Every structure is written in structure tokens, then in C-alpha cells.
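Chemist: Each chain is listed here by its residues.
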Amino acid sequence: MKVGKEVLELSDVTVRFAGDSGDGMQLTGTQFTNTTALVGNDLSTLPDYPAEIRAPVGTTYGVSGFQLHFSSSDIQTPGDSPDILVAMNPAALKVNVKDLKHNAAIIININSFDARNLKLAGYDTNPLEDGSLEGYNVVQVPLSQQTSKALEDSGLSAKEISRCKNFFALGMMYWLYSRPIEPTLKWIKDKFKDTPLLAAANEKALLAGYYFGENTELFTTRYQVEPAKLPKGIYRNISGNEALAIGFVTASVKSGLPLFLGSYPITPASDILHELSKHKNFGVRTFQAEDEIAAITSAIGAAFSGALAITTTSGPGVALKTEAIGLAVMTELPLIIIDVQRGGPSTGLPTKTEQSDLQQAINGRNGEAPVVVIAACTPADCFNMALEAARLATKYMVPVLYLSDGYIANGSEPWKIPEPDSIPGIEVKFRTEKEGFAPYMRDENLARPWAIPGTAGLEHRIGGLEKSNVSGNVSYDPENHEFMVRLRAQKVKNIENDIPELEVTGDIDADVLVIGWGGTYGSITEAVSRARRNGGRVAQAHFKYLNPFPKNTGEVLNKYKHIICAELNMGQLAKFLKSEYLVDIDSFTKIQGLPFKSSEIEKKIETVIGGYSK
Amino acid sequence: MIDNQPKENSQEKIKYTAKDFTSSQDVRWCPGCGDYSILAQVQRTSPDLGFKKENVVWVSGIGCSSRFPYYMDTYGIHGIHGRAPAIATGVKVNNPNLDVWVATGDGDLLSIGGNHFIHACRRNVDIKILLFNNKIYGLTKGQYSPTSEKGKKTKSTPFGSVDFPFNPLSLALGAEATFVARSLDRDPKHLQAIIKRASEHAGTAFIEIYQNCNIFNDGAFELYTEKDTKPDNVVFLEHGKPMIFGKNQDKGIKLEGLNPKVVDLANGEASVNDLWIHDEFDESPARAFILAQFTENENMPLPVGVFRQIKRSTYDKDFHEQIERIKKVKGEGDLKKLLFAGNMWTVN
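Just so you know, the protein sequences line up as chains A and B, in that order. Last residue of the first sequence? That's 614 in the numbering used here, and every number before it is there in order. Last residue of the second sequence? That's 348 in the numbering used here, and every number before it is there in order.
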């Protein structure tokens with residue numbers, strides 16, 4: 001028994017768990033995250049998994065990873081480079097080693113480094129012996145063997161025992177980073193309540209891993225990360241998809257409208273459908289349609305009949321919904337289309353993140369078909385933007401396209417839970433008054449009345465053919481068409497008066513402004529604050545409203561000599577801003593299916609500034 | 001002029017007339033089109049269907065038939081091509097108190113919208129689908145449709161089409177539709193009766209209506225609609241009754257195993273007792289399917305009437321019952337409990 005192991009205080013740590021997609025790495029990462037949240041660290045996560053559910057075992061295609069950055073202070077990203085990697089097999093090592101920090105620790109399941117697995121991973125020589133891991137702190141743990149030993153009397157088969165090794169790894173990591181094991185013990189008890197043998201085995205494996213950490217001579221140091229000093233309040237850890245889903249349930253309660261979701265399963269948006277399906281006690285209507293088109297058109301039908309109607313999808317699904325979005329534009333119904341973006345084009349990179357649907361969102365329809373386009377910028381922000389989407393759609397009787405992305409949808413962060421009473425109401429009034437009613441009459445916001453079936457005396461027809469202003473009758477009149485096209489555009493444009501202005505942070509009077517939109521907020525914010533800490537003078541502004549843009553956008557852009565626009569596409573926002581405001585923009589892009597590393601943006605800033613002054 | 005001035009009397013339970021269901025919009029189908037008759041039969045029947053006019057929603061897709069909602073003074077959505085069943089499903093699921101009807105054509109429902117049609121049928125959403133089948137594309141000016149006979153010469157198939165058509169009733173039966181019927185635009189009384197039957201059915205009700213397009217496919221159904229040929233070529237299906245047809249009611253249909261056969265009742269070949277007795281409520285779809293296939297056999301007359309009607313719970317009803325059940329088990333949704341959930345911690 002080793003006594004008096006050194007405890008080292010760290011301010012922040014980035015860990016990555018990696019293994020076969022059947023090794024339970026997402027579960028391990030999630031458990032580590034939940035426990036870390038309970039300890040009170042600020043955190044940010046990045047799950048990274050293959051599109052194949054179970055790719056061939058032992059190959060690099062099947063490697064699934066989960067990265068977690070936790071800290072005693074405020075953090076914005078899941079971390080650029082891990083400080084420590086847990087690699088369950090050679091393939092996991094091969095895929096992940098290039099991302100690690102110099103000097104990073106690598107915990108290896110030595111039992112999996114046999115000739116067969118090395119060959120499957122494509123290693124010609126054993127990296128543990130050929131010197132290629134020099135510079136890393138490699139810890140070789142007999143993880144499979146230790147798990148088997150701990151569970152030899154468990155009554156489980158060898159295969160079942162092998163599947164418990166992720167809990168052994170988790171227990172070991174809990175010891176190493178001084179995390180309590182009780183939350184996971186409680187979770188195991190609950191999760192496996194119907195299979196007591198498995199519950200006992202997983203519990204035993206977790207404890208065995210924990211005690212292994214304590215007793216082994218492989219670890220001489222153990223680490224501690226103090227709780228972060230976050231604003232006072234009650235917190236929970238939340239992913240973007242989860243926040244978005246409960247955001248819409250909240251919007252339903254706050255507006256008094258039943259929530260209707262028409263959806264067809266698609267990565268990475270399906271979790272929203274799963275989450276909302278749980279909340280039927282709120283009267284939530286989840287309709288799993290036969291295809292993407294039925295998903296949105298059923299939502300259009302529901303909107304017509306008075307629901308807060310949403311449809312959730314990813315880029316390929318938006319492509320299929322395109323014609324129906326046009327119908328919602330023409331019929332001026334409140335409809336929210338949620339696009340959790342992934343790598344494209346076509347099927348592209350289903351499980352990887354990208355921001356390449358902005359052009360599709362703003363312009364991707366036949367005819368002049370303006371919709372409101374908004375984007376959430378962090379996992380927790382997905383909650384706020386759900387409320388905002390509902391507010392704008394119902395107030396202006398207009399479709400809202402809500403952009404999220406795989407990175408914030410699956411990533412998570414601590415969320416300070418708002419008191420329900422502190423969330424403003426969403427006022428919705430159906431038209432019931434017969435006197436003077438016409439389906440395409442306008443209020444002060446240019447919105448037409450929402451008169452739902454069941455209301456006597458307001459029977460009317462809507463549809464995709466051009467409508468005569470006020471009466472809503474079908475009209476092919478040339479002047480009327482131009483009038484209506486401009487009216488629909490003006491209605492959306494006017495929303496700039498009802499959204500927050502673009503806020504500039506950092507060195508407001510700097511020469512360099514870094515802009516971005518949506519899910520890159522964390523990476524850019526981290527990069528800008530690092531650059532400023534290093535002596536650079538930089539301002540930052542981040543877009544959450546893409547159509548219309550905030551009213552002061554032109555004014556902000558014109559203030560800066562050099563504007564860097566960081567996006568995970570080929571420069572789509574930059575293009576829109578250049579054509580709209582005639583400003584020069586230095587487009588900084590990445591299209592690898594991965595989020596920005598803060599260091600990448602920081603390096604760009606440094607290059608533009610010409611080095612830091614201090 | 002606004003076409004939907006509120007009707008004074010629509011709030012209390014009143015006796016409607018066909019006029020109450022007629023919008024002010026000029027009907028813009030070609031003169032002589034079969035759609036006029038279908039519209040007239042719907043408007044004539046609507047007052048007798050027992051629903052409040054403000055609860056009626058007509059949904060359509062694209063095509064000549066899909067202009068239908070504009071002419072009904074009810075709520076309506078003229079949707080996009082093929083999607084009417086999906087739009088109607090959204091309307092009905094969101095508010096099951098509404099009476100939701102779909103007006104559609106053979107291109108709209110069976111070509112571009114085939115997927116939504118079969119899924120509406122299998123779910124048994126309580127919507128009524130009126131298929132205006134003219135076996136041609138009218139609004140795009142005369143291409144062959146998925147119900148056009150093989151070899152059909154049209155603008156897009158000058159040498160004749162080479163694909164086999166859909167049999168709409170076989171398709172509906174195969175998709176588990178719980179009410180399947182056929183009627184004719186030129187038989188107003190029959191069409192009215194079938195509309196009424198569809199309206200009374202709980203679940204997806206499908207009516208195929210043979211509808212003449214006098215511009216691009218004139219006379220396609222002449223054999224079944226003209227006085228002198230109709231009796232010998234159409235058999236009216238009536239529940240519990242033997243299948244008899246012919247000018248002199250002297251022909252019958254006998255089912256020999258799986259094979260239907262026309263028999264002569266006059267020459268002693270067969271008697272009424274030998275004939276196939278129609279059973280609309282047969283649990284098995286097999287006989288209804290054999291009936292649907294008559295159109296593929298030139299020796300058989302065209303059956304019209306209700307082919308099949310079975311009881312099955314409706315999607316919209318089950319959908320809302322589940323919600324109510326979950327509300328009872330979990331308790332009415334509480335926002336505070338929703339937000340303050342999962343692993344929470346307090347920062348002081």
C-alpha cells in the first residue's frame with residue numbers, strides 16, 4: 001500500500017476517453033462529466049463518435065472518443081489538446097495520439113496491445129516499443145486483466161466481464177482526479193436495477209479501478225481541480241439538444257400553445273425527438289413522420305390548427321423540407337425549423353460538426369422566400385434561442401430557421417437553471433373576432449391574423465399560390481405579386497427592431513475585430529481572451545441573428561480596420577456581410593468536421609496583429 | 001372581395017344548405033370537367049354530415065383537383081404537391097375535434113405523394129381522402145399518370161407508356177386502409193351515399209372517384225357512366241347482397257376458389273344462391289382485394305361501392321389517449337420540475 005501520494009493542484013484539465021465503439025466510451029465520458037459537474041467545476045464536453053454503430057472491432061474506423069475539459073475557472077471550450085488520454089486499444093491510441101499535448105499522459109490498456117490488435121490498428125511496429133511515444137508519459141495498465149480478476153466470481157461470462165472494463169477505467173480516473181465515486185454507484189444501481197448481476201459487476205469494476213489507482217505504483221501523483229467560482233445559483237450539466245428540447249417545452253408552457261414536433265430521425269438531431277417524446281405530460285405532441293417532408297408538412301398542418309409547431313433535422317433534411325418551408329413563407333404560418341448542422345454536402349459527415357448550412361438557411365428556397373434565421377452559440381444557449389424562436393415565429397407569423405450544430409448539440413456545459421417565473425411569457429392571441437376579418441390583413445408588425453379551424457365565422461383558405469394582400473384570395477396580378485414579395489421581405493427585415501444589437505466585447509477600440517456566429521462562440525471567445533492576455537488588442541462580436549442581422553451591424557463592422565470572420569465553412573457569413581455592408585472581411589475557415597481549436601484562431605489573430613507587443 | 005365573410009348563423013346548431021359550403025371564389029375548372037360534379041356532391045352532402053362547418057378543414061396538394069379547398073367555404077389548405085395526407089395528419093393530430101378531408105388526384109396521391117398516402121392508411125388517421133382519378137395529368141397538360149393504362153399515348157409517351165399502372169384500391173388495401181370505396185363522378189346519388197359513408201367511418205377513409213378529364217382523357221370511363229353500357233359493365237356492391245348486374249339483372253358473380261367468374265342467371269347456368277355475397281366488414285382483406293383486381297380482368301365488371309370497412313382504433317385517438325394516460329401517471333407537466341432535474345449542484 002502506497003501512502004502519502006502527492007496531490008497536485010491543477011486549474012484545468014482536458015481528458016479524453018477513447019476505445020472501440022462498443023467499449024462504452026460515451027457512457028464513461030458522460031459519467032465522468034456528471035460527477036465533475038457535481039464537484040462544481042466549470043466544464044465543456046466534446047463527444048466524437050463514428051457514423052457506424054459498431055464498426056469492425058479493433059480498427060481505427062470504430063474508434064469512439066469523448067473529451068472533457070474541466071476547470072476551477074470559467075471555460076469556453078472542450079479544450080484544444082488533451083492532457084491525458086485513456087486508450088482502450090491500439091486503434092484508439094493511433095487515432096488520438098496526434099491531438100495530445102506535449103508531455104500528455106497516456107493510460108493504455110496493455111492487455112489489448114497484442115499482435116492482432118496492433119495489426120487491426122495498422123501498426124507495423126508496437127508503438128510502446130518503437131520509441132514513437134517518446135515525450136509522452138505512458139502508463140501501461142493491465143486493464144482487462146484487472147477487471148477479469150475483480151469479477152472472476154461474478155457469475156458473468158468472459159464476454160460480459162470484458163464489457164465492464166470501462167467502469168474499471170472510470171474508477172481509476174476518479175481516483176486520479178480526486179472525484180467521488182458515489183454518483184456513479186448510484187447511477188449503476190438505478191440503471192441496472194433489473195439485472196442485479198450486471199449491477200454488482202459494474203459496481204465492483206468501478207471500485208476495483210478506484211482502488212487500483214490508490215494501490216498501484218504506476219501512479220505517484222493524484223490531481224485535484226477546485227470548484228469553479230461560477231455565479232450563484234443551482235446548476236445542471238446540459239447538452240445543446242437537451243437544452244433545445246426543454247426550451248421548446250418551456251416556450252409551449254409560456255405561450256399556452258401545445259407543442260407539436262414533426263420529425264424524422266437524423267443524426268445529430270434525433271436526440272431532440274427522443275427528449276421531447278419523454279415530455280408528453282406537458283401535452284407535447286411528437287409525431288415521427290414517414291419522411292422529412294411529412295415531418296415538416298405535418299407541422300405546417302399543426303401550425304394552421306394552432307400549435308407551436310416545430311420540425312427538427314439536419315442539413316440533408318432541410319434540403320428535403322425546402323419546398324415546404326416555402327409553403328410556410330407563403331401561408332405566413334409560425335413554424336420553427338431546427339437544423340442541427342453536420343458536415344456536408346450530401347450525407348457528408350453525419351456525426352461531425354460544421355457550419356455550412358448558413359447559405360441554405362438564408363437563401364435555400366425557390367423564389368424570394370425570406371425566413372428568420374437565428375443560431376445558438378453554446379449548449380446552454382440552445383434553451384434561450386428556443387424561446388426566442390417561438391417568440392419571433394408567433395409574433396410575426398413567420399417561419400424561423402434555427403441553426404444549431406453537432407458540436408453544441410452533443411457537447412455539454414453547466415447551465416444555471418432559470419427560475420420558471422423569471423422567464424418572460426410569450427403572448428399569443430388567436431383571432432376570434434369576425435368583424436372586419438380577412439386572412440391576409442396586417443397588424444403593426446405586418447403579421448397576418450392567426451385564425452384557427454374551430455373558430456366560427458373565420459373560415460378561410462390558405463395555400464402556396466400567391467395571395468392577394470388582405471383578402472388572401474389567389475391572385476396572379478403583377479402589381480400584387482411585387483407588393484407581396486416586398487411585404488414578406490419587409491416583415492422579416494423589421495424584426496431587426498425587435499432583437500438585441502450586436503454586442504462588442506474585449507478591446508472595443510482595437511483595430512482588429514473577430515467575428516463568428518453560432519457554435520464557434522466558445523473557441524473564438526477563448527482565443528480572443530488568450531490573445532488579449534498575451535498583450536494583443538482585439539475586439540469580438542458574435543452573431544446569433546443571421547436574418548435579419550442586428551440593426552447596428554454595419555456600424556460595428558465599419559469601425560474596425562481588420563475583421564477576421566471565423567467559420568466552419570468556406571466563408572459563408574463573410575460573403576453575406578461583404579455583400580450587405582461592402583466591408584472587407586478576412587475569412588478564416590476550417591472544414592474538417594471538427595470545431596476550431598482556440599489556438600488556431602489565436603494564431604490567426606497573432607498573425608494579423610503582427611505579433612504581440614509585450 | 002373577401003371570400004369569407006362571417007356567416008351569421010354558423011355558431012348555433014343550424015341546418016346548413018349546400019350554399020353554406022360554397023365559397024365566393026369562381027370555380028376555374030374547364031367546362032365539362034368531372035370535378036364540378038364531385039364539388040357539387042360534396043357541397044350537397046356536407047349539410048347532412050352532422051358537423052359544424054367551422055370544424056371542417058379541406059386539405060389538398062397540387063393539380064386540378066387540388067383547387068378544391070378554394071371552392072369550399074370551410075377552413076382549407078392548398079398545400080404542395082403530394083403532401084396533402086401529411087398536412088392533414090398534422091391538422092388532425094393537433095386537433096382531433098376537426099373534420100379533416102383531403103382532395104387529391106392520381107398524380108398527387110399516387111405518384112409524388114405515394115409515401116404519405118400509404119402511411120396515412122397504415123396509421124389509420126381519421127381523415128377522409130377523395131381521389132379524383134382521371135388517369136392523366138391535367139394541370140401540366142396531358143402526360144400519362146401512374147393510373148394510366150399501359151401503352152397510353154400522351155405528350156410524354158408518344159409511342160405509348162411502357163410501365164404498368166397502380167391499382168389504387170389494391171394499394172389502399174395493401175396499406176391497411178380501414179375504409180376503401182369507389183364511386184363515379186357521373187353517378188351523383190351513389191357518390192353522395194359513399195361520401196356519407198366515408199364521413200361516418202372512424203379512421204382513414206379512401207374513395208377512388210372515376211373522374212372524367214374532358215380535355216386530356218375524355219371518355220376514359222364512358223363504359224361505366226353511359227346509360228347504355230353502364231348496366232352491363234358496373235356492379236354495385238351492397239353489403240349482404242349477392243353481386244348481380246346487367247341490363248336485366250341477369251348476370252352474377254361467382255367466386256370459385258380465388259377466381260371470380262361472371263355467370264348467367266337467365267340460362268340456368270347458375271342461380272342467385274351460387275353468387276358471391278358481398279361482405280364489407282370481412283376481417284380478411286382477401287376478398288376485397290379480389291374485387292379490387294376486377295379492373296385487371298376484362299371479363300369482369302367494374303365494382304363500385306364500399307369494398308371494405310373494418311373497425312380499428314384511430315391514430316389521433318390513440319395519440320391523445322396516450323398523452324392523457326401519461327399525464328395521469330406522471331402528473332400534469334410542471335415547468336419547475338422539468339428545469340430543475342438531473343444531477344444538480346448549488347454554487348453559493
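You may find that some hints are simply not true.
Using 16 Å as the maximum straight-line C-alpha spacing, the simulated EDC-like pairs for lysine to aspartate or glutamate come out as follows [said to hold, decoys possible]:
#: 1; chain 1: A; residue 1: Lys-278; chain 2: B; residue 2: Glu-149
#: 2; chain 1: B; residue 1: Lys-337; chain 2: A; residue 2: Asp-130
#: 3; chain 1: B; residue 1: Lys-336; chain 2: A; residue 2: Glu-182
#: 4; chain 1: A; residue 1: Lys-278; chain 2: B; residue 2: Asp-334
#: 5; chain 1: A; residue 1: Lys-119; chain 2: A; residue 2: Asp-130
#: 6; chain 1: B; residue 1: Lys-311; chain 2: B; residue 2: Glu-332
#: 7; chain 1: A; residue 1: Lys-254; chain 2: B; residue 2: Glu-324
#: 8; chain 1: A; residue 1: Lys-278; chain 2: B; residue 2: Glu-324
In case anyone wonders, no lab produced these hints; they're calculated from the structure. Note that the coordinates shown come from a computational prediction; the quantities given were computed from them, not determined experimentally.
Chemist: Could you run down the list of hints and mark each one as holding or not?
Modeler: Hint check results:
1. Our distance criterion of 16 Å between C-alpha atoms is broken by Lys-278 (chain A) and Glu-149 (chain B), whose separation comes to about 49 Å.
2. Taking the CA atoms of Lys-337 (chain B) and Asp-130 (chain A), the gap is about 56 Å. The hint is violated against a cut of 16 Å.
3. For a cut-off of 16 Å, the pair hint linking Lys-336 (chain B) to Glu-182 (chain A) is broken: about 26 Å separates their Cα positions.
4. Between Lys-278 (chain A) and Asp-334 (chain B) the CA atoms are separated by roughly 13 Å; this keeps the pair inside 16 Å, and the hint holds.
5. Annotation: proposed proximity of Lys-119 (chain A) to Asp-130 (chain A) holds, straight-line Cα distance about 15 Å (limit 16 Å).
6. In summary, the hint linking Lys-311 (chain B) to Glu-332 (chain B) is not supported, as the alpha carbons are separated by about 32 Å, beyond the 16 Å threshold.
7. Distance hint between Lys-254 (chain A) and Glu-324 (chain B) is unfulfilled; the C-alpha atoms sit about 20 Å from each other, more than 16 Å.
8. A distance of roughly 13 Å separates the Cα atoms of Lys-278 (chain A) and Glu-324 (chain B); the hinted pair therefore holds under the 16 Å criterion.
In terms of the numbered hints stated before, the structure departs from hints 1, 2, 3, 6, 7, listed from lowest to highest.
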